[in-house]
Structure formats: C-alpha cells, structure tokens
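Colleague: Sequence:
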Amino acid sequence: MWSFTKWLPLFFVVVNLLHANAKQVAIVYDGPFARDEVLSTQIKKEIETLLANDFPVQFVELDGRWDHEEIEKCLNASLSDPAIDLVLTMGIQSSFLALKKQTCTKPLVIGYNLTYFSDPEVDFPLQKDTHVAFYESAFTVPEEIQLFAQLFHAKKLAFIGDASLIGDPHFLVIQKKIFAEMGKRNIEPLLIPLTDSPTLATETLTNHLVDGVVFLPTWRLPPQNFSTLIEICNHLELPTFSVFGETEVEQGILMSQMPKSEVIRASRRVALNVQELFRSGHNQELSTHFRHSLTPVINTQTAKDLAFVIPTKLERDALLLAYRYQPFASLSLLDATKRAVSSNLELLAEDFTVKSGTQDVLRSFSKLLPQVFFHLEGRKIDPNQARNTFGLEPENLIRSSFLIHQTLYDDKKIADFVVQKRTQKAREYHLDSFELDIILSTAVAYLTLLRLDADLEIAKENISLSRAHLSRSKELVDSGMTRLSEVYRWESELAANQDQLVTLIAVKENLETEFNRLLNRPLDTPIHLEKLSPHFYETLSRQLQQTPLLKHFKRSMAEIARSNSPELKGIDEMLIALERKLTAAKRSFYLPEFAAFGEFSNNLYQEGAGTTPPPGISNKKLYSKVGVSLTYHLFTSGGRVSEKNQANFEIQKTKTLRASLLEKIDEAIIQTIDTMKASYESIHFAEQAFETAQKNLILVTKSYAHGEVSVVDLLDAQHQMIVSKQHHAHTFYDFLIDVMKFQRALSHFTFFQEST
1 MWSFTKWLPL FFVVVNLLHA NAKQVAIVYD GPFARDEVLS TQIKKEIETL LANDFPVQFV
61 ELDGRWDHEE IEKCLNASLS DPAIDLVLTM GIQSSFLALK KQTCTKPLVI GYNLTYFSDP
121 EVDFPLQKDT HVAFYESAFT VPEEIQLFAQ LFHAKKLAFI GDASLIGDPH FLVIQKKIFA
181 EMGKRNIEPL LIPLTDSPTL ATETLTNHLV DGVVFLPTWR LPPQNFSTLI EICNHLELPT
241 FSVFGETEVE QGILMSQMPK SEVIRASRRV ALNVQELFRS GHNQELSTHF RHSLTPVINT
301 QTAKDLAFVI PTKLERDALL LAYRYQPFAS LSLLDATKRA VSSNLELLAE DFTVKSGTQD
361 VLRSFSKLLP QVFFHLEGRK IDPNQARNTF GLEPENLIRS SFLIHQTLYD DKKIADFVVQ
421 KRTQKAREYH LDSFELDIIL STAVAYLTLL RLDADLEIAK ENISLSRAHL SRSKELVDSG
481 MTRLSEVYRW ESELAANQDQ LVTLIAVKEN LETEFNRLLN RPLDTPIHLE KLSPHFYETL
541 SRQLQQTPLL KHFKRSMAEI ARSNSPELKG IDEMLIALER KLTAAKRSFY LPEFAAFGEF
601 SNNLYQEGAG TTPPPGISNK KLYSKVGVSL TYHLFTSGGR VSEKNQANFE IQKTKTLRAS
661 LLEKIDEAII QTIDTMKASY ESIHFAEQAF ETAQKNLILV TKSYAHGEVS VVDLLDAQHQ
721 MIVSKQHHAH TFYDFLIDVM KFQRALSHFT FFQEST
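Here our numbering is used: position 106 in the sequence shown is 106, and no number is missing along the way.
Don't read these hints as lab results, they were simulated from the structure.
Here the structure is a predicted model, which means the values were calculated and not measured.
Treat each hint with caution, since some may be false.
Unchecked claim - When the alpha-carbon atoms are kept at most 30 Å apart in a straight line, the in silico DSS-like pairs for lysine-lysine are as follows:
#	residue 1	residue 2
1	101	44
2	176	155
3	460	569
4	655	551
5	23	100
6	655	695
7	551	155
8	380	355
9	702	474
10	156	128
11	702	304
12	412	128
13	367	156
14	176	101
15	412	625
16	741	653
17	421	338
18	569	554
19	531	474
20	655	412
21	653	554
22	425	184
23	155	128
24	106	155
25	531	338
26	554	677
Let the sequences and hints guide you as you build the complete structure.
Modeller: Written as structure tokens, this is what we have:
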C-alpha cells in the first residue's frame with residue numbers, strides 16, 4: 001500500500017534543493033512607500049513570471065528611509081553581501097548613487113528610466129560596466145506637460161512631488177531638469193516638496209495663483225492624504241496632470257500621458273534585463289533603447305467637474321476614463337445622522353446636563369438616609385460658671401462628638417426627592433427632543449448638500465453649453481451669417497455662468513463647514529454623500545396620492561405625534577413634579593417633621609476651674625444621647641402660603657404651555673403634510689417642464705446653427721432649460737426635506753430609529 005510518510009523525507013530534500021537553487025535579488029528602495037507603488041509591484045511580478053521556468057526568485061527588500069546616507073549604506077550592503085545574486089535599484093536616488101560607483105562585482109539592474117536622473121555634469125562610470133543593465137528613452141515629460149500647458153494656456157505650473165525628488169539638497173537633478181525644460185517653454189515652475197502631509201501643498205496652492213498642477217511621484221503620501229490633495233486641486237478648479245500615469249488619473253487627476261500598458265512595458269523591460277544578467281552574466285546582448293508610446297489618458301468626470309471641454313481631436317485619440325473615483329467611503333444619510341447623534345458637541349453637552357441631573361436625584365434621596373457628623377469643639381467659659389457645673393463643664397475644654405441623624409418623616413424632603421426624579425425624566429425627554437433636532441438639522445444639511453451638488457452639475461452644464469454656443473457663434477461670424485456682437489454676447493453669458501458657479505461653490509463650502517460641525521469632524525473634512533433613490537419614500541408618496549383619505553391621515557398622524565412627542569412627555573413629568581410640590585406645601589400647614597438622633601461625645605482635654613467633679617461622678621467617660629424629635633413650624637411669616645400659591649401658579653402656567661404645545665404639534669403635522677403634498681406633486685410638473693424645455697433647446701440650437709433664429713432666442717431657450725432642470729432637481733430634494741420636517745413633527749425618523 002502506498003504511504004505518504006515513506007516519501008516525506010524525499011519531499012523535503014527536493015524542497016531544500018529548490019530553495020538552495022533560488023536566486024536572491026536585493027531590491028533597494030529610497031524609502032518605504034505609503035501606498036501601493038505600481039511600478040515596483042509590476043516589476044516583481046514580471047521577474048517572477050519570466051524566471052519561473054529557470055529558478056525560483058527570493059526578494060530581499062531594503063530601504064534607505066529617504067535619507068541620502070542610508071540609501072548609500074543599503075546599496076553598499078547589498079552589493080557586498082555574498083548571499084545576494086543580483087541588485088535591483090527601485091528608487092531614483094538609489095539608481096543615481098549606484099551608477100556613480102566606480103566598479104561593480106555583481107549584476108546590477110537599474111529599475112528607472114536612466115534619462116529621468118541623468119546629468120551631463122555627473123559622470124556615471126557604471127554606465128559602461130558589462131554587469132550593469134538599464135534602459136533609457138527620450139525624456140518625454142516636458143512634451144507631455146507641454147500638451148497639458150497648451151490645453152489650459154498655462155504660464156505657471158505647480159510641481160508636487162516627494163521631497164526626495166525636488167527637496168533634497170544632495171539630489172538636485174530633477175529640479176534642474178524641471179527649471180531647464182520649463183524655461184524653454186516659457187512656463188514658470190513652482191516646486192512643492194511633500195513627505196506624508198498635504199498641508200504645504202494646500203497652503204501653497206491656496207496662496208499662489210497657478211494655472212495647473214503637475215503631480216510627480218509622491219511616494220510618502222498616504223492614500224487618504226493623496227486623495228485629499230486631489231480633492232483640493234479639483235475644488236480649487238485647478239487642472240491636474242500625473243507623470244506617474246493612468247493609476248492616478250483613476251483616482252481623480254484630470255489627465256496623464258502614461259497608460260497602464262506603458263507601465264507594464266517598462267516593467268517587462270526591467271525583468272528582461274534581470275533575466276539576461278542571470279543567464280549570461282553580462283549586458284552585451286541587451287539594447288538600452290526603449291521608446292515610450294504616449295497616449296493621453298483623461299478622467300472625463302474630473303473634466304466635467306472642471307467644466308473642461310475636451311477638444312474633438314484629443315477626445316478621439318485619448319483613453320477616456322468615464323467614472324468617478326471615491327477617495328473616501330461615501331456617507332449615507334443614516335451614517336451621517338448616527339455620527340451626529342454620537343458626536344455632536346451640543347448634544348454631548350445636553351447629555352452631561354442629564355448626567356448632572358442624576359446627582360440632584362441622588363442628593364435629594366441622601367437627605368432621607370442616615371446622616372453622620374463629626375464635631376470637634378474647643379472653648380473657654382467663666383471660672384465661676386465652671387465651678388457650678390460640678391466638673392461636667394470645666395473652664396477649658398476640648399470635646400469631640402459623633403452625631404447621627406435619621407429622618408423618620410419629612411414630607412418636604414420626600415416631595416423634593418419625587419420632584420427631582422420627575423425633573424430628571426423631563427431632562428431626559430428634553431435630551432430626546434434635542435437629539436431629534438440634531439437629526440433633522442443633519443438630514444436637512446445632507447439633502448441640501450445633495451441639492452447643491454445637483455446645482456453645481458447643472459451650472460457646469462450651463463458653462464459647457466455657453467462654450468459650445470460661443471464656438472458656434474464664431475463659426476457663424478466667420479461664414480458671414482451673423483454679427484460679431486453675438487460672440488461678445490456669448491462671452492458675456494459665459495462669464496456670468498462662471499460667476500454663478502463660483503457663488504454656488506462658496507455656498508456649498510459654507511454648508512459643508514456647517515455639516516462637518518454637526519458631525520463634530522474637522523471643518524475642512526472632504527464630504528462624499530450617497531445619492532438618494534427617487535423612491536426613497538414610496539410608501540409615504542402613495543399615502544399622499546390618496547387625497548380623499550388625507551384628512552383622516554392628518555388626524556391619525558397628529559395623534560401619533562402627540563403620543564411620541566418628548567416635549568409633551570417632558571411637560572407631563574414637570575406637571576407631576578409641580579403637583580407633588582403643591583401637595584407638600586399644603587401638608588406643611590399641619591404635618592410636623594419626625595427624626596431620630598444620637599450623639600456620642602468625649603472630653604479630650606480639660607483644665608481650670610470645675611475640672612474635678614464631686615465624689616462618685618466622673619467627667620472622663622464617653623457621653624451618649626439618643627432620642628426622637630418632632631418639629632412643627634408654628635409661624636413662618638407667610639412663607640408657607642406663598643409657597644403654596646407659587647406652586648399653584650406654576651401648575652397653571654405649565655398646563656397652559658401644555659395646551660399650547662398640543663396646538664403646535666397639530667399645526668406642525670397639518671402644515672408639513674400639506675407642504676409635502678404640494679412638493680410631491682411639483683416633482684411631476686417640474687419633470688414635464690424640463691423635458692419640454694430640453695426639446696425646445698434642441699430645436700432652437702439647430703435653428704441657430706442655420707441662422708434662422710437670433711442669439712436672444714437661443715439664450716432664452718438655454719436659460720429656460722437650465723432653470724427647469726434646476727427646478728426639477730430642487731423639487732425632489734425639497735420633497736425629501738419636507739418629509740424630514742414631517743418626521744420631526746412626528747418625533748419619529750423612520751430611516752434612523754428602525755435601524756437602531
């Protein structure tokens with residue numbers, strides 16, 4: 001019978017032989033990456049794939065912690081280690097330092113395009129060494145950036161990159177290249193070196209006027225900070241360009257000229273260099289020349305956000321990414337309100353008020369429990385008086401006492417305990433009411449932000465339409481079909497549209513600040529909200545459509561609102577407390593206070609006259625006294641009467657407030673239902689108006705292109721379409737805001753409380 005255990009030793013021998021045959025490849029990085037580095041990941045994958053049939057590969061990774069000297073140490077250690085078969089430099093500085101060495105005793109592969117860091121003023125001895133493999137192509141970055149600059153008429157560009165590239169005094173090659181190449185093209189560069197924080201870039205871009213932003217590699221910038229930086233650039237309406245390639249365009253950067261396919265090609269070239277050095281031990285058969293095939297990559301969503309119309313030729317040649325990258329998890333309405341309820345500072349302060357009130361209840365209850373006191377007395381009395389006390393009260397005396405007091409019956413203290421308990425319940429209901437207000441404020445802010453997002457999209461569409469019509473008017477002028485004044489009219493309209501966009505952005509920024517405050521987040525936290533389905537409240541919508549039953553619906557909702565209202569419950573608790581307070585005030589006219597007490601005292605020191613008691617009497621023993629007391633207030637100068645009257649007036653006031661609150665609850669329910677019904681019906685009419693206006697714009701646009709209608713007709717059609725589209729978007733969100741107000745009047749948010 002076959003046995004696995006019989007072959008187990010042989011299995012381990014084979015594994016060990018394979019392990020012994022594995023090639024050790026040391027990869028030297030400039031420093032640790034804060035996010036996935038596409039190029040190095042792809043290179044390792046290509047090396048493993050290419051060498052899979054030859055021998056296994058083990059990677060030994062070293063990083064120089066972004067320090068010039070540390071990078072040098074890592075490089076020297078890997079080159080001198082006999083266990084390492086090949087060294088691969090995967091950092092620009094490590095590649096630069098490696099090529100500056102005089103000799104190399106083992107295979108060395110440069111992982112970066114040599115032209116990125118080559119410097120005519122620096123001699124690279126290893127460039128001619130047969131143990132060294134590298135690739136180089138034309139330095140295309142300036143041409144890539146030139147296309148970007150031409151598209152946006154850029155005269156000043158910000159370059160954001162890792163500090164090791166453009167901020168290290170030991171490595172000035174990249175800085176020199178940027179200044180030299182941009183100088184040839186009359187573009188002023190602004191260098192912004194970063195490490196792990198986007199703060200410097202944010203401040204610089206906010207305080208300096210630039211025409212665009214070029215992203216160099218930002219290896220140390222964590223994913224969230226990188227996404228924040230892209231958001232800030234897009235928010236400032238700055239066009240962005242990535243040298244790194246398509247991966248960053250997917251994350252929201254506007255464009256690049258380096259598709260993923262080029263990253264794969266470059267990675268494969270490095271892997272082929274590794275394979276050749278392992279197989280032959282030299283680079284004689286390797287070609288160093290490598291030609292990049294540049295293809296524009298454009299994020300159409302970012303272009304839309306920036307109101308950038310992609311030229312027809314570029315659109316035809318480019319790789320278009322038609323999706324929006326979400327750098328942060330989208331915040332749902334439920335998530336936002338839960339965050340506000342758990343973190344809002346005003347709500348937390350109210351919660352502390354409730355917790356503080358608990359101590360009032362405990363303090364009032366403690367007055368009904370035993371009270372123990374310690375009393376220390378030191379005194380001096382007249383000598384003659386001391387002699388007459390027969391030694392019980394000496395002239396000079398220090399006495400300690402323990403006093404115990406227990407209330408047996410005190411209606412005022414009992415009433416105070418009941419009042420505090422009811423007042424505490426009222427505080428809790430007030431907290432519930434405040435929580436509902438916070439949920440409403442958060443929900444309304446959430447929906448208003450979504451409405452503003454829709455407004456921004458429409459405003460950008462309006463700008464695109466005006467630009468298209470401006471271009472069309474220029475063509476008509478060239479063909480002699482219209483006057484030049486129409487071009488000026490469209491330029492004026494375009495400027496007005498852009499002004500509206502700026503105003504909308506400012507309004508949205510203010511509301512985002514308020515929204516973050518409600519959620520107790522940093523006020524500048526980027527906000528990404530989930531869109532709501534048009535069928536968010538289908539059930540309620542059906543009820544609103546049943547007009548004959550609306551009166552009954554209002555009545556039943558008012559009854560539910562009364563039973564749910566924390567404000568009403570709080571007033572009821574206060575009424576109970578006031579009624580108990582009135583009862584105590586009435587009872588004070590005829591009920592006394594009963595208490596038990598005890599006292600234990602001892603003379604610690606006595607001196608002077610009266611110190612010696614008569615024979616048979618001692619003044620040094622422990623004295624004790626226990627008993628029961630009854631206290632009745634015979635005359636309080638009208639205090640009890642005023643207390644009773646005040647309690648009566650407070651009860652009448654609270655009952656009046658309760659009646660007023662009932663009216664307000666009914667009023668809020670009736671008004672919000674009527675408002676909801678109107679806003680719901682408006683959705684259908686607004687949709688019809690938008691569809692009609694859209695069709696009209698298409699017809700008028702065609703007629704304008706043939707010179708059949710004037711610019712005024714087209715302006716009017718465009719304006720009508722934009723206004724109707726905006727109104728259509730508003731009616732949906734206005735309806736949802738009205739629903740939120742209705743649910744606040746009902747004191748029950750279905751989307752929130754059914755999930756908790």
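Colleague: Check the structure against each numbered hint from earlier and tell me which ones fail, lowest number first.
Modeller: 3, 6, 7, 8, 10, 12, 13, 19, 22, 23, 24
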